[in-house]
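Enquirer: Chains as they are written, first to last, in this note's numbering: chain A, 17 to 103; chain B, 125 to 720.
Keep in mind that a hint or two might mislead.
Cβ pair distances, simulated, as ranges [claimed, not checked]: (1) B:Gly146 <-> A:Ile60: 40 to 46 angstroms; (2) B:Gly146 <-> A:Lys93: 37 to 43 angstroms; (3) B:Ile685 <-> A:Ile62: 44 to 50 angstroms; (4) B:Thr472 <-> A:Met40: 41 to 47 angstroms; (5) A:Val44 <-> B:Met660: 26 to 32 angstroms; (6) A:Arg34 <-> B:Val134: 31 to 37 angstroms; (7) A:Ile62 <-> B:Gly503: 40 to 46 angstroms; (8) A:Ala19 <-> B:Ser404: 54 to 60 angstroms; (9) B:Asp500 <-> A:Phe63: 35 to 41 angstroms; (10) B:Asp500 <-> A:Ile60: 39 to 45 angstroms.
In silico DSBU-like pairs for lysine-lysine, Cα to Cα no more than 35 angstroms straight-line [what the hints assert, rightly or not]: (11) B:Lys131 <-> B:Lys567; (12) B:Lys259 <-> A:Lys31; (13) A:Lys31 <-> B:Lys695; (14) A:Lys61 <-> B:Lys361; (15) A:Lys61 <-> B:Lys385; (16) B:Lys259 <-> B:Lys695; (17) B:Lys439 <-> A:Lys93; (18) B:Lys695 <-> A:Lys93; (19) A:Lys93 <-> B:Lys259; (20) B:Lys439 <-> B:Lys567.
Derived from the structure by calculation, the hints contain no laboratory data.
C-beta atoms are modelled at their ideal positions from N, C-alpha and C, and glycine is treated no differently.
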Amino acid sequence: MAALTPAQRDAYWNKTSRLMWIIMALWVLFSFIIPAFAVQLNQIKIFGFPLGFYMSAQGSLIFYVVVCFWNASAQNKIDQEFGVAED
Amino acid sequence: MANQTSKSFVDNLGKIYGVYAGGFIGFVILLAILEQMGVPNRVIGYCFVFLTIGVYAYIGVISRTSEISEYYVAGRVVPPFFNGMATGADWMSAASFISMAGGLYLGGYGALGYVLGWTGGYVLVGVLLAPYLRKFGQFTVPDFLGVRYEGNTARLCGVVVLFCASFTYIVAQTFGIGIITSRFLDIPFEVAIFVGLLGILVCSMLGGMRAVTWTQVAQYIILIIAYLIPVVWLSIKLFGNPFPELAYGQVLEQIGELEKKLGILKPHAAAYVDAKGQFSWVEFNNFWALTLTLMIGTASLPHILMRYFTTPNVKDARTSVGWSIFFIFLLYFTAPAYAAFAKLEVYTNVIGQNIADLPRWVQNWSQVGGLLTIKDGNGDGILQLSEFIINQDIIVLSMPEIAGLPYVISGLVAAGGLAAALSTADGLLLAIANALSHDVYYKLIDPHASTMRRLVVARVLLVVVAVIGAAVAGTRPAGIIQMVAWAFSLAAAGLFAPLVLGIWWKRTTAAGAIAGMVIGFGVCVYYLVGTRYFGMTEWFGIRNISSALFGLPLAFLVTWIVSLMTAAPSKEMQEFVDSIRVPKGELHWVAGQAHE
Numbered sequence: 017m018a019a020l021t022p023a024q025r026d027a028y029w030n031k032t033s034r035l036m037w038i039i040m041a042l043w044v045l046f047s048f049i050i051p052a053f054a055v056q057l058n059q060i061k062i063f064g065f066p067l068g069f070y071m072s073a074q075g076s077l078i079f080y081v082v083v084c085f086w087n088a089s090a091q092n093k094i095d096q097e098f099g100v101a102e103d
Numbered sequence: 125m126a127n128q129t130s131k132s133f134v135d136n137l138g139k140i141y142g143v144y145a146g147g148f149i150g151f152v153i154l155l156a157i158l159e160q161m162g163v164p165n166r167v168i169g170y171c172f173v174f175l176t177i178g179v180y181a182y183i184g185v186i187s188r189t190s191e192i193s194e195y196y197v198a199g200r201v202v203p204p205f206f207n208g209m210a211t212g213a214d215w216m217s218a219a220s221f222i223s224m225a226g227g228l229y230l231g232g233y234g235a236l237g238y239v240l241g242w243t244g245g246y247v248l249v250g251v252l253l254a255p256y257l258r259k260f261g262q263f264t265v266p267d268f269l270g271v272r273y274e275g276n277t278a279r280l281c282g283v284v285v286l287f288c289a290s291f292t293y294i295v296a297q298t299f300g301i302g303i304i305t306s307r308f309l310d311i312p313f314e315v316a317i318f319v320g321l322l323g324i325l326v327c328s329m330l331g332g333m334r335a336v337t338w339t340q341v342a343q344y345i346i347l348i349i350a351y352l353i354p355v356v357w358l359s360i361k362l363f364g365n366p367f368p369e370l371a372y373g374q375v376l377e378q379i380g381e382l383e384k385k386l387g388i389l390k391p392h393a394a395a396y397v398d399a400k401g402q403f404s405w406v407e408f409n410n411f412w413a414l415t416l417t418l419m420i421g422t423a424s425l426p427h428i429l430m431r432y433f434t435t436p437n438v439k440d441a442r443t444s445v446g447w448s449i450f451f452i453f454l455l456y457f458t459a460p461a462y463a464a465f466a467k468l469e470v471y472t473n474v475i476g477q478n479i480a481d482l483p484r485w486v487q488n489w490s491q492v493g494g495l496l497t498i499k500d501g502n503g504d505g506i507l508q509l510s511e512f513i514i515n516q517d518i519i520v521l522s523m524p525e526i527a528g529l530p531y532v533i534s535g536l537v538a539a540g541g542l543a544a545a546l547s548t549a550d551g552l553l554l555a556i557a558n559a560l561s562h563d564v565y566y567k568l569i570d571p572h573a574s575t576m577r578r579l580v581v582a583r584v585l586l587v588v589v590a591v592i593g594a595a596v597a598g599t600r601p602a603g604i605i606q607m608v609a610w611a612f613s614l615a616a617a618g619l620f621a622p623l624v625l626g627i628w629w630k631r632t633t634a635a636g637a638i639a640g641m642v643i644g645f646g647v648c649v650y651y652l653v654g655t656r657y658f659g660m661t662e663w664f665g666i667r668n669i670s671s672a673l674f675g676l677p678l679a680f681l682v683t684w685i686v687s688l689m690t691a692a693p694s695k696e697m698q699e700f701v702d703s704i705r706v707p708k709g710e711l712h713w714v715a716g717q718a719h720e
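Hey, can you work out the whole structure from these sequences and the hints?
Expert: In structure tokens, the structure reads:
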């Protein structure tokens, strides 16, 4: 396969960067913004769990697992679109 | 196994490790039967410690190799699923296994910063670093710095940071190994450390990364079984629910009621409160500072990053990050449940008992270096909460006994803790020895060294570093979790900026990266050492476990400013960065740079 032209390469990297920024924003939300409101969220109780406690103990963790797999598959799609996926 | 990892071995990994896991469970059941037949506890403890170490040693010996790429990157054949397991074991150390639930027990919500911090960093690893470092395809993290920042100064800075962070980390692991072997083999702590050291060396010395990889998969299986069984057991016993992660909502409610009864001012689930139960900005700031430090540290620690050098390709490196966090998640979302169950057991079965009637485990644990003290302060013969002082490093290990589970479960937990500490120690030791042998010896001192000689140097350095680590651990410098957090701070302040900017910002220059590393790391060390040893006042009340909070932004700032002040990297270098960003195709090496 021929190498990417500079324009294609930039388009590829723009798409990759956009995915990166979206994931980083979500990462900040689940790692810092939601925990910052733990005191308020703790007023809500679900199955005995205060919600603020639950988010930091389990909720954000579930998000991390999901987002890591999502990143892998979304980036693969971008790779295939530009024909730069490995064989 | 032949000298090179055979295809049939890789194809049959599922079967091999399936049989192995089944065998381990059978072994536990056998010991449980022996216990019922009256075999003494001490023998059971010995069986667990020696049999598991024996298995690791066996894997270590059959995986021995004299191939450079097998020794450094396990031949790059590790499938993502199994690399995820190996990373899980590499990652989860004595701090996760032994201390974290203990920290949650003592600290309540405040300690959830560890849970968040030690998981969320994988998002950064997967998005920002792992696939690109895999594409780069060399042997060590300093390798990347040396190539991207054209020269040995950057490489050497990388080695210094790597050494300081990994060494601090390894001392903590050896300390954990000492606690376990001393308790379960009934030998003095200082001797136990060196017994544990042998366990570390047999896995890593002959086979390097290849042996460590396949041992770590085996260790993951043991550590996760050992962590889940006692808390699942308790959850079934108390609530008839085999999922402690769901059941402990009720435990939290019961703890809340007991706290009121016992007059505890700081509720378990309350966020950002001080010892009196009042909201505190210092606690709030320390929480996010710790979370940030640990996450960035995750994405900077070389022994983790180098695990992604071992997958067959870039795509697998990304998927592998997903499996890593999944396998880590299994333990981390259980840890807060573990802590809650332990707290409930202590509040209901230990506090308020006659001190004379306390079971034997109390006495056994009191003998391990002052980790548990019981002092009848008011002399009424009844144990009050304030008279029961338990160290966070033994909560997990002693919980089966506190809850009155059979001793075989205690032995199982000890084997798990040992697996966690050994696997991380192995990964760290390899990271240090590889950096010294590959980056310092081969790249700087003797570029013409033969393969044979390079491997000999690597092995000698491995032993030397391990012995020094054990000797330092023998002096008990600090608690496990503190030492580990320092390691994360050091790595985060020194390595994160040059690695991330080197990939994501082409304009980063060698001078910028080096200045950023020196200043970021320097400020972090200054704060850590100053507050720890010289009574320096904390800045904004931030504890030194989050020392990277000051060094990290400075590293970015300095790298940015100095890069803009110096000439842009050569066109060749920019093409090299471009080639790293794309999974397919050859790398565009800058002329004159040696690579493998």
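Enquirer: Now, for every hint given, state plainly whether the structure supports it.
Expert: Hint by hint, here is what the structure shows:
Restraint check, glycine 146 (chain B) to isoleucine 60 (chain A): a C-beta distance of roughly 43 angstroms satisfies the suggested window 40 to 46 angstroms. Distance hint check: the CB atoms of glycine 146 (chain B) and lysine 93 (chain A) are about 38 angstroms apart, consistent with the given range 37 to 43 angstroms. Hint check: isoleucine 685 (chain B) to isoleucine 62 (chain A), Cβ distance near 48 angstroms, so the stated range 44 to 50 angstroms holds. A C-beta distance of roughly 45 angstroms is found between threonine 472 (chain B) and methionine 40 (chain A), which places it inside the suggested range of 41 to 47 angstroms.
Look at valine 44 (chain A) against methionine 660 (chain B): about 31 angstroms separates their beta carbons, and that is inside 26 to 32 angstroms. Checked against the hint of 31 to 37 angstroms, the pair arginine 34 (chain A) and valine 134 (chain B) passes, with Cβ atoms roughly 36 angstroms apart. Against the hinted window of 40 to 46 angstroms, the Cβ-Cβ separation of isoleucine 62 (chain A) and glycine 503 (chain B) comes to about 45 angstroms, which satisfies the hint. Under the hint 54 to 60 angstroms, the C-beta atoms of alanine 19 (chain A) and serine 404 (chain B), about 57 angstroms apart, fit the expected range.
The given range of 35 to 41 angstroms is respected by aspartate 500 (chain B) and phenylalanine 63 (chain A), whose C-beta atoms sit roughly 39 angstroms from each other. Taking the beta carbon of each, aspartate 500 (chain B) and isoleucine 60 (chain A) are about 42 angstroms apart, inside 39 to 45 angstroms as hinted. For the proposed pair lysine 131 (chain B) and lysine 567 (chain B), the alpha carbon gap of about 32 angstroms is at most 35 angstroms, so the pair holds. Taking the CA atoms of lysine 259 (chain B) and lysine 31 (chain A), the gap is near 19 angstroms; set against the 35 angstroms cutoff, the hint holds.
A C-alpha spacing of about 23 angstroms is found between lysine 31 (chain A) and lysine 695 (chain B), which places the hinted pair at or below 35 angstroms, so the restraint holds. For the suggested pair lysine 61 (chain A) and lysine 361 (chain B), the alpha carbons sit about 24 angstroms apart, so the restraint of at most 35 angstroms is met. Between lysine 61 (chain A) and lysine 385 (chain B) the CA atoms are separated by roughly 21 angstroms; this keeps the pair inside 35 angstroms, and the hint holds. Note on lysine 259 (chain B) and lysine 695 (chain B): the hinted pairing holds, with a Cα-Cα distance of about 20 angstroms set against a maximum of 35 angstroms.
For a cut-off of 35 angstroms, the pair hint linking lysine 439 (chain B) to lysine 93 (chain A) stands: about 11 angstroms separates their Cα positions. Taking the CA atoms of lysine 695 (chain B) and lysine 93 (chain A), the gap is near 29 angstroms; set against the 35 angstroms cutoff, the hint holds. With a C-alpha separation of about 18 angstroms, the suggested pairing of lysine 93 (chain A) with lysine 259 (chain B) holds against the 35 angstroms cut-off. Simply put, lysine 439 (chain B) and lysine 567 (chain B) have alpha-carbon atoms about 29 angstroms apart, close enough for the 35 angstroms limit, and the pair holds.
Comparing the model with each earlier hint shows no violations; every hint is respected.
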